[in-house]
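**Student:** Listed below, chain by chain, are the residues.
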Amino acid sequence: MSVKKWMTVFVCGLLVVAQQAVADLTIEITQGNDKATPVAIVPFAWKGNSALSEDIAQIVSDDLERSGLIKPLPRTEMLSLPSEPKEIFFRDWSLLKQEYLLIGQITPKGDAGKLSIRYELYDVVRQKRVLGEVISGSQNELRSRAHYISDKVFEELTGLRGAFSTKIAYITAKRESNTRTKYELKVADADGRREQIILQSYEPLLSPSWSPDAQYLAYVSFETGRPGIYLQNVFSGKRRQLTAFKGLNGAPTWSPDGSKLAVTLSKDGNPELYEIDLKTYKVRRLTRHYGIDTEAEWSPDGKKLIFTSSRSGGPQIYQMDLASGETTRLTFEGGYNARARYSPDGTEIYFVHQKDGIFHIAAQELSENRLRVLTQTPLDESPSVSPNGSMLIYATQEGQRGYLGAVSIDGNIRYRLPSQLGDVREPAWSPFLN
Amino acid sequence: MELKKYSKTLFFGATLAVLAGCGGNAATMDQDSSNGDVQPVLTNDGASSSGAAGDSAVSSEQLAAERAAQEARDAAAAMPEVNTIYFDFDQSDIRSDSREILDMHAEYLMANPSVSIVLEGHADERGTREYNQALGERRGNSVKSYLQLKGISASRIEVMSYGEERPAVMGHSKAVWAKNRRVEVKY
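In order, the protein sequences belong to chains X and E.
The letter at position 370 of the first sequence is residue 354 when you use our numbering, and the numbering goes up by one with no holes.
The letter at position 98 of the second sequence is residue 82 when you use our numbering, and the numbering goes up by one with no holes.
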C-alpha cells in the first residue's frame, strides 16, 4: 500500500515548477461607479527603437479603472498626447472634464536593456504637478513598474495605499477524465496576469494561505494519498511537509507575526483548531467541542481567532480570545455562515453566507449583528481581502466553470477574472510585497 | 507531541530531483540553513507514515494482502454490492434507508475478520471547502460508529475525507448534490 501510493506520486508526477502558464486571465468590469474621479492617462512616449513589450499607460489605466474609484478617459477622446510638461494644454483637459492628467516617457538607459521611466501626475483644475518620479527597470519589469505607478497615483488620488503590486494565489482544477483531475497551485499579479504554476498534482490541493512576509504559501495537499499541510517558498519553490496527522490536516493560516499557523486537525477524534509554533513545532490545542471547528483566521493584532463552528447546529462564525479562550458567536443571520476573513483594520469580517439556498459573500461589522450581502452570483466561496482593505476577491461559478470575481467592500464595484483553463478556486490575496 | 526526522523526505526529495530533469525548475526540500537537517513532519506518533516502508515491511504487507485476498475470494459470494450510502445537506446522521446496506457490510466484515475497510467521506460542492472536509470526515465517522455498534473493531476501519474535492457526479443540480453527499465503503 505505502509503496504503491508513492509510486503513484512518482509516476503521476508531482511537479514543483515555476513556469509561465499559457493562459492569462483577462479582466471584465461588471459594475462600475458613477462617482469615480476622471483621470486622463496619456500613452507614455517611447524614445527607443524596437517596440516595447508592454503598454505602461494601458496597464496603469486598467489598474485604476478596476479600483472603481478612478475613471480613465478613453484614448480615442484625447485631443493631444503630451509626454512632457511643455506639451500640456490644460484647457483641453478641462474641456474633457478631466480632474487629473498622467503623462510619462520611457527612454533607453545604457546598453543592457535598462529603461528609464518618468511619470508625472497633474491636477488639471489647479494646473499643477502633484506627483512625479523617474524610476528604472528592464523590459521584463515593465508590468511591475506600471503597477508601481498605479500604486502611487492611486494613493495620491484616494489617500488609500495602492495594492496593484500585490499577488494572488489560487488553485485550478482541470478534469482530464472521469478519474483524473489535474490540480495546480498558481500565483499571478493582482490583475491576474503573469500567472505562474507553483505546484501541480493529480491529488487535491486546497487552502493556500500567504505568510505575512509574502514569501511562503501554506496549503493542503493530498499528494501522499492523505491530506497534509505543506509550506512552500513562492520564489525558490522549496517546500516541506509540515503535518501528517491521522485524519484532517487542513485550513492553515499564519499568525500576523509569521511565527505560528492555526490549523484544523482531527487527530484527537474531532475537527478542532490547533496552533503550531513554526520554530519549536509545538502543537497547542485551541478548541474542545464535539461540533466541527475549522477555518480559523487570526485577527490583525494576533490576539483573536475567528473560525467556523457547527456547535450550535449549522456552521456559524465564532471569535475566540486567545489569551482567555473566551469564545463568542458573531453571526446569527441565516443557517450557514462560514470561512470568515478579517478586514485589515480588524473591524469587519467577510464570509460565505447562505441565503435562500444560495451562497453569497457577506460582510459584517464586528460591532453589529447585521450583515450585508456583497455578491449576487450563486456558489460564491473563499473571500480574500486586498491588503489595503478596499476589495475582496472570491471564487464563484458560472455554468460548469469556476472563475474569480472581485467586489469592493461596499459592494458597488465588481469585476471578474475569467480563466481560460479549468476551474479557478480559493483565491488568496497576498500581503503588500514591499 | 513527538518530533521526528522525516525519513520520507529523502525519498520525496529524490522524486523531485528526478522530475527536475524533465520538468524545469523543480524544487528541493527546504533545508534548515543552520544545521542542514531536513525539517520534521508532525505526526500522531513516532510511527513512520505511509511512504517510509522498508523491504521487510513491504513483504509482510504483501503476505497479509495475499492472505486477505484469498479470504476475500472465499467469501466473495457474500460481498455487498452496494458500497455507497448518502446523506442530507450538512448532515452526518445515518439515514434509515442506509441501515440495510451497512448491515450487509457489517455481516460481511464479521464473516471475514481479516478484511479491513476505508470509509471515504464526501460532501457536495455547496458551502466552504474546509468545512466540507470536516463534514466528510464526520460522515465517515458516523458510518464507522454504526459498524462498531454492529461489532466491527475500530482497528479494521479507516476514515478518510475528500470533502467536496471528489464529486461522484459533475453538475450543479439538486440531484447531483444528493449523489455527491456520500460515504463510499472501500475494501
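Hints listed in this document are in silico derivations from the structure and should not be mistaken for laboratory results.
Ideal Cβ positions, reconstructed from N, Cα and C, are used throughout, including at glycine.
Certain hints may be false.
Pairwise CB distance ranges, derived in the manner of DEER restraints [as the list claims (entries may be wrong)]:
| hint | chain 1 | residue 1 | chain 2 | residue 2 | range |
| --- | --- | --- | --- | --- | --- |
| 1 | E | 66 | X | 305 | 44 to 50 Å |
| 2 | X | 307 | E | 94 | 49 to 55 Å |
| 3 | X | 285 | E | 73 | 35 to 41 Å |
| 4 | E | 98 | X | 310 | 46 to 52 Å |
| 5 | E | 73 | X | 360 | 17 to 23 Å |
| 6 | X | 110 | E | 156 | 33 to 39 Å |
In silico BS3-like cross-links for lysine-lysine, where the CA-CA straight-line distance does not exceed 27 Å [to be verified]:
| hint | chain 1 | residue 1 | chain 2 | residue 2 |
| --- | --- | --- | --- | --- |
| 7 | X | 112 | X | 55 |
| 8 | E | 158 | X | 166 |
| 9 | X | 158 | E | 134 |
| 10 | X | 251 | E | 158 |
| 11 | E | 128 | X | 166 |
| 12 | X | 98 | X | 70 |
| 13 | X | 251 | X | 230 |
| 14 | E | 158 | X | 158 |
| 15 | X | 251 | E | 134 |
| 16 | E | 163 | X | 339 |
| 17 | E | 170 | E | 128 |
| 18 | X | 230 | E | 158 |
**Student:** The structure should be examined with respect to each hint, and the outcome stated for every one.
**Tutor:** A quick look at each hint next to the structure:
no., hint, result
1, E:66 with X:305: 44 to 50 Å, "holds, 48 Å"
2, X:307 with E:94: 49 to 55 Å, "holds, 51 Å"
3, X:285 with E:73: 35 to 41 Å, "holds, 36 Å"
4, E:98 with X:310: 46 to 52 Å, "holds, 50 Å"
5, E:73 with X:360: 17 to 23 Å, "holds, 22 Å"
6, X:110 with E:156: 33 to 39 Å, "violated, 54 Å"
7, X:112 with X:55, "holds, 20 Å"
8, E:158 with X:166, "holds, 26 Å"
9, X:158 with E:134, "violated, 41 Å"
10, X:251 with E:158, "violated, 33 Å"
11, E:128 with X:166, "violated, 31 Å"
12, X:98 with X:70, "holds, 26 Å"
13, X:251 with X:230, "holds, 5 Å"
14, E:158 with X:158, "holds, 23 Å"
15, X:251 with E:134, "holds, 24 Å"
16, E:163 with X:339, "holds, 23 Å"
17, E:170 with E:128, "holds, 12 Å"
18, X:230 with E:158, "violated, 33 Å"
The structure shown violates the earlier hints numbered 6, 9, 10, 11, 18.
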